[in-house]
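Peer 1: Each chain, written out:
Number of protein chains: 2
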Amino acid sequence: MTRYTAPTKDTQFLLHDVLKVSGQDVPGYAELDPDFTGAILEEAGKISAEVLHPLNAVGDTEGCHLENGVVRTPTGFKAAFDQVKEGGWTGLDMPEEFGGQNMPYVMGTAVGEYFSAANHAFTMYQGLTHGAASAILAHGSDQQKATYLPKMVACDWTGTMNLTEPHCGTDLGLMRTRAEPQADGSYKITGQKIFISAGEHDMADNIIHLVLAKIVGGPEGIKGVSLFIVPKFLVNEDGSLGARNALACGKIEEKMGIHGNSTCVMNYDGATGWLLGEEHKGMRAMFTMMNEARLGVGMQGLCQADVAYQNALDYAKERLQGRDVTGAKNPDGPADPLIVHPDIRRNLMDQKSFIEGARGFLLWGASLIDRAHRNEDKAADGLVSLLTPVIKGFLTDKGYDSTVQAQQVFGGHGYIEETGMSQFTRDARIAQIYEGANGVQALDLVGRKLAADGGKHVMAFFDLVKNFAKENAGQDEAFDRDFLEPLKKASKDLQAAGMYFMQNGMKNPNHALAGSYDFMHLFGHVCLGLMWARMGKAAMEALAAGTSDPEFYQTKLATGRYYMARQLPATGMHLARIMSGADTVMALEAANF
Amino acid sequence: MTRYTAPTKDTQFLLHDVLKVSGQDVPGYAELDPDFTGAILEEAGKISAEVLHPLNAVGDTEGCHLENGVVRTPTGFKAAFDQVKEGGWTGLDMPEEFGGQNMPYVMGTAVGEYFSAANHAFTMYQGLTHGAASAILAHGSDQQKATYLPKMVACDWTGTMNLTEPHCGTDLGLMRTRAEPQADGSYKITGQKIFISAGEHDMADNIIHLVLAKIVGGPEGIKGVSLFIVPKFLVNEDGSLGARNALACGKIEEKMGIHGNSTCVMNYDGATGWLLGEEHKGMRAMFTMMNEARLGVGMQGLCQADVAYQNALDYAKERLQGRDVTGAKNPDGPADPLIVHPDIRRNLMDQKSFIEGARGFLLWGASLIDRAHRNEDKAADGLVSLLTPVIKGFLTDKGYDSTVQAQQVFGGHGYIEETGMSQFTRDARIAQIYEGANGVQALDLVGRKLAADGGKHVMAFFDLVKNFAKENAGQDEAFDRDFLEPLKKASKDLQAAGMYFMQNGMKNPNHALAGSYDFMHLFGHVCLGLMWARMGKAAMEALAAGTSDPEFYQTKLATGRYYMARQLPATGMHLARIMSGADTVMALEAANF
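Each protein sequence line maps, in turn, to chains V and H. Take 1 as the starting number for the first sequence in the UniProt record's numbering and just add one per residue. Take 1 as the starting number for the second sequence in the UniProt record's numbering and just add one per residue.
This is chain V alone, in the form it adopts within the complex (with noise of 0.2 Å):
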């Protein structure tokens, strides 16, 4: 019932007018030119349509089935995946000598967008692969880099992430599962993990699982955790597959949403693991791929926000229901489409506002990380740190507001499963909680990035759009009046906010942390709206230069003053939040709630 179109066009848009990724210095990014990515978007927009967005329903519908040990994907889930893996899609980013096709990360997230849009819970198997693989990536010796690797980039092997225990997901150091080291080097990883993605499936010849585990005799709590590779098949030294690992998928989970991925309790009862990285550094081998990973979770905020609107656009021109009070707009027939109404108006501009300027938000924070890994750029790497819990916070909690804003477009049918408006809103549900729930982000924020190497990537980032307002003011009054000095106002509130953590948390960091989460939205609306002004302006460049396509340029600065007039006075309600401390916050003792 619903269909996925990839926004290839407002993709190569912030690739090209406003990133200019071609003419950046950063290795790979040359090849980048419009012709080049377009082919790529082109290729992965049609897949994601026409092979992944016909399963989503599917996957929800059927979800997966645990018989015996063996976990049954969804029908169509399996010749799709080979389908994603023979057109390359699996190894995008990755590393030529492992098979991939070495392109920046940009790019990869650019597909994946559409891949995830498309198809949440299918594209996390391929998602949860990709971080298991950088993981070995980073850390793992020659070997574990050879046996792995190759398999894992094509996703002929699977790979997940296992960290959360039944008593602890957040804290760590609580954590039960231990490893016993064995005289050959290896360890018996005995305990349970949960929420375990694609911990258990019918789609790969093997699944390299990543454990969280507590050497024995090692340091207490977070000290003490070391990180293994624990595949469900052991490998032969000729890369064949050997015996099955003493591990088991004990359950799969009912959940609200994603149901076409499967969601598993894993059973480890002295399973042979290797140790990734070196000992009791488990988290500091997590951390690397964080941001990555988060940005990704970021992502698939947006991603259920676009299809979500997509559909609900459609409906708004389709469904004929009152009149317009100006004048009727379709006078034969017996009512106007949704459309012309004020109210479905602003609730799709704050759809389509929001999900445009997410977008330019993900690919500018994915450029940064290019930039850090292939530049070994430190400020690049301080900043998307830095933006990183913005990202996953921010855009899965506006991406979750949206996703609902687009199922309220079809009244009661958005209630109905059959308009498949109610998926979109339960799958995006789960990306505010995964990956560090959204306020474990805002605690990251406040608590860490904040100041950082003595804060010196908020400053950046506030030199940036400093520079950026100072640099365009004075040459268009409408381009100043309409985005640049709601910019400054807003960059301005998130200044005022940093200030009052500095002067109040100091003596009690309370009063920080009960505005971590408020800083979080109001740091990610001044992002949204720096990156707003950037597609301002790089759309009156375009214009100026005398566009074949006006019309797309025009909308982009319509929807771009949306965002400024509408979205960004919520910085001013953020930052009454957070100087209101922590008074009001810590006021009660936990009995009398």
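Be aware that a few hints might be false.
Identical chains share a label here; the pair holds if one copy fits it or two copies do between them.
[Stated by the list, open to error] Derived lysine-lysine pairs resembling DSS-like cross-links, with alpha carbons at most 30 Å apart:
| no. | residue 1 | residue 2 |
| --- | --- | --- |
| 1 | 329 | 281 |
| 2 | 251 | 188 |
| 3 | 507 | 329 |
| 4 | 492 | 456 |
| 5 | 317 | 223 |
| 6 | 317 | 488 |
| 7 | 281 | 85 |
| 8 | 488 | 46 |
| 9 | 489 | 46 |
| 10 | 378 | 145 |
| 11 | 9 | 20 |
| 12 | 317 | 507 |
| 13 | 223 | 78 |
| 14 | 9 | 145 |
| 15 | 317 | 251 |
| 16 | 223 | 329 |
| 17 | 85 | 251 |
| 18 | 145 | 281 |
Honestly, the hints are just simulated from the structure, not real lab data. This structure is a prediction, so every number in the text was calculated from the model and none was measured.
Mind docking chain H on chain V? Use the hints.
Peer 2: Relative to the frame of chain V, chain H by itself:
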């Protein structure tokens, strides 16, 4: 897994300390002394917690099933329904002559909150019957009342409302269901209705459908719509059941939530019906019940928020994760409970301050309905008509957000159906949609209610706020600063928004309509601000009078301070959005979205 505890103490506080019901000159209020209402609330709380809530998850998991035209409700529903009937709960606020207990609507609402919080889907069977009975009470002939009301008040027969058709929801003028007059004064009803809650089920001997239809040959559009009584089984003159009527449930919808309620496609194939009220005045008959029905749905927003909050609070107190940054609170345990963390507090306080403010708003609204009906007080009627879309739209939007926040406290466990938090979210979602989607509430508020009777009801509201602030200023510095000043500021924002609509809506109604949704939320915040100021005042009075339970009242003050400091600043954002006008909202051609 979940629990529900009726907030009887809070309801009592509102009825007696804040609304001071037994001192009001409303017929039937004098008997509402604290002992009397306390006994009713305790008993209602008991059945809610012990009978209805344990069936909440059962209803979600089992759902309703249509087999050979018969709808089977979930296990245990019938027995619980019988228990509710035997307790006399179904006729609490219905006239004695039809078997009711003639209590004020405010008591029906207080009790209804508990029932609906305990089990939303279950309570709808009773709620729909109440709505249909109210319509017959208001518009039925003496014979119709005598025939249907005793059975419906007792819920031996249940009722439904049939408005929506596949191609029309809000725009009922497009309706196709037709009524052909018969020689005996009855009509033959033919057409299809959808989204009929409780349309068919196995808990009652008969189902009385109220069906909107167009009498053949009558006026076009909404002016030709009439309301009909169409029973599932025809009723003989002696009150016994006669032949099966020509109507049937064609399908049960698969929905996002409220699975325990059967949402039916109803097919009428020349079914026998009788006119209820006047010919072509069907909409007027529906509107009579609208305030009550919409207030009831607003209540449902609060209900799911409350039950979700209660369970999130339990989890926050029990789940050990991380340490209080200002020093361990549970040093002998492996970690501190979640509730020590400022961001968890922020989350819980957002929920708590909303829920308690919303409950105050709801019961105030219900008391205005009593005054409007029992005292025939036109001012009260006008005021509650104005506030009704705010109660419906604001409480269900914020109620949903609050429920989502409660789910968030559970982290990954909140996404798993087993904990029950997902069901609260999925169930809460419907209240934003049915009984007029919230965009329609905003339209009703700004397009109709605001200017009704020359705008005198909104002026009365502003006077009410102003007078409250004036009468209570200067007695307590902290109260002035923490309650009255924020309230005045918020009310000023609301007035400025109203002024903007007046000045700009004349030239172009889109300037008002594009801000309607924000106005509804802005209005809602001012109402909750007013309620918190009233609650704060009541708490101060109780403390000054030397209450034996100072903690309860101090907690009220602290919670109110939170609302004023942290929720009320939203008014500035809504005002800014409103005052940006319609230009950015309406800028795009439909084709350019």
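Peer 1: Each hint needs a verdict: does it hold in this structure or not?
Peer 2: For each hint, the structure was consulted:
1. For a Cα distance limit of 30 Å, the shortest separation of residue 329 from residue 281 across copies, 28 Å, qualifies, whereas the shortest one inside one copy, 65 Å, does not.
2. When the C-alpha separation of residue 251 and residue 188 is checked against a cutoff of 30 Å, the pair qualifies only within one copy, where the shortest distance is 22 Å, while the shortest distance between copies is 55 Å.
3. Taking identical chains as interchangeable, the C-alpha atoms of residue 507 and residue 329 lie at most 30 Å apart only when they sit on different chains, with a minimum of 19 Å there against 61 Å within one chain.
4. In the homo-oligomer, the alpha carbons of residue 492 and residue 456 lie at most 30 Å apart inside one protomer (17 Å), although the nearest pairing across protomers, at 41 Å, exceeds that limit.
5. For a Cα distance limit of 30 Å, the shortest separation of residue 317 from residue 223 across copies, 26 Å, qualifies, whereas the shortest one inside one copy, 57 Å, does not.
6. Proximity of residue 317 to residue 488 under the C-alpha cut-off of 30 Å is found in neither arrangement, the shortest distances being 36 Å within a copy and 42 Å between copies.
7. For a Cα distance limit of 30 Å, the shortest separation of residue 281 from residue 85 qualifies neither inside one copy, at 33 Å, nor across copies, at 63 Å.
8. In this assembly of identical chains, the alpha carbons of residue 488 and residue 46 never lie at most 30 Å apart, being 40 Å within a copy and 56 Å across copies at closest.
9. In the homo-oligomer, the alpha carbons of residue 489 and residue 46 never lie at most 30 Å apart, since the shortest distance is 41 Å inside one protomer and 53 Å across protomers.
10. Within a single copy, residue 378 and residue 145 get their C-alpha atoms as close as 26 Å, which meets the 30 Å cut-off; across copies the closest is 79 Å, which misses it.
11. Within a single copy, residue 9 and residue 20 get their C-alpha atoms as close as 14 Å, which meets the 30 Å cut-off; across copies the closest is 62 Å, which misses it.
12. With identical chains, the CA atoms of residue 317 and residue 507 are at most 30 Å apart between copies only, with a shortest distance of 26 Å across copies and 55 Å within one.
13. For a Cα distance limit of 30 Å, the shortest separation of residue 223 from residue 78 qualifies neither inside one copy, at 40 Å, nor across copies, at 56 Å.
14. Proximity of residue 9 to residue 145 under the C-alpha cut-off of 30 Å is found in neither arrangement, the shortest distances being 37 Å within a copy and 64 Å between copies.
15. In the homo-oligomer, the alpha carbons of residue 317 and residue 251 lie at most 30 Å apart only across protomers (28 Å), although the nearest pairing inside one protomer, at 44 Å, exceeds that limit.
16. In this assembly of identical chains, residue 223 and residue 329 lie within 30 Å of each other by CA distance solely across copies; the values are 22 Å between and 66 Å within a copy.
17. Taking the shortest alpha-carbon separations for residue 85 and residue 251, only the intra-copy value of 28 Å comes in at or below 30 Å, while the best inter-copy value is 41 Å.
18. Proximity of residue 145 to residue 281 under the C-alpha cut-off of 30 Å is restricted to the intra-copy arrangement: shortest distance 19 Å within a copy versus 77 Å between copies.
Violated hints, listed in ascending order, are 6, 7, 8, 9, 13 and 14; each of the other numbered hints is respected by the structure.
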